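> Sequence:
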Amino acid sequence: MTTPECYTCNQEARLNGLPLSERIAFDQLWRVAHAFDTALPGWLVLLPRRHVTAVHELTDAEATTLGTWQVRVSRALHDVTGCVKTYVAQFAEVEGFSHVHFHVMPRMGNLSQELRGPRVFELLRRPAQQRVATDLVDDIARSLHARLTSSSELSE
15 MTTPECYTCN
25 QEARLNGLPL
35 SERIAFDQLW
45 RVAHAFDTAL
55 PGWLVLLPRR
65 HVTAVHELTD
75 AEATTLGTWQ
85 VRVSRALHDV
95 TGCVKTYVAQ
105 FAEVEGFSHV
115 HFHVMPRMGN
125 LSQELRGPRV
135 FELLRRPAQQ
145 RVATDLVDDI
155 ARSLHARLTS
165 SSELSE
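Residue numbers 15 to 170, in my numbering, belong to the letters of the sequence shown in order.
I should point out that these hints are in silico values taken from the structure, not numbers from a laboratory. Being a predicted model, the structure only gives us computed values, none of them experimental. Relax, there's no trap hidden among the hints.
Below, in silico cross-link-like pairs of lysine to any residue (SDA-like), each with a Cα-Cα straight-line distance of 20 Å or less:
#, residue 1, residue 2
1, 99, 88
2, 99, 121
3, 99, 161
4, 99, 157
5, 99, 80
6, 99, 55
7, 99, 85
8, 99, 127
9, 99, 53
10, 99, 162
11, 99, 123
12, 99, 130
13, 99, 126
14, 99, 82
Just the calculated beta-carbon pair ranges, DEER-fashion:
#, residue 1, residue 2, range
15, 24, 71, 18 to 26 Å
16, 140, 102, 17 to 25 Å
17, 104, 75, 17 to 25 Å
18, 147, 21, 16 to 24 Å
19, 150, 110, 19 to 27 Å
20, 32, 127, 30 to 38 Å
21, 31, 104, 24 to 32 Å
Where a beta carbon is used, it is the ideal one built from N, C-alpha and C, also for glycine.
Please model the complete structure; the sequences and the hints are all you need to start from.
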């Protein structure tokens, strides 16, 4: 079920027409997209493909595969960006974005102390000149897509 006023559901409804950055990898239950309006290359969002607004509403199947997706995405980010770790967070509180989604953010070794931990969210909604360029997002999306859809990744 989708909800028309939900940004995520609107994107899901046009999945085949989305750019690769909005559908880096997906299965029947989850979709991975690069975040927009971010100054952090590789900031990903893991989204359930049906409309759900709270983690306790996830089905057993969604819950079972959630951890696997979080680890797969973290491994792919490590391989593609060279990050030393990933942060994973879930809030879904911004108006229009109440659809459950998990932020999976690469924490680079050179990330300043002022932006570590929850302060990394300061890198969202930056002015246009500070955001990750579209061509870099596309490059990252292609690399992550290749990593997340390779036969070796699927068998891990």
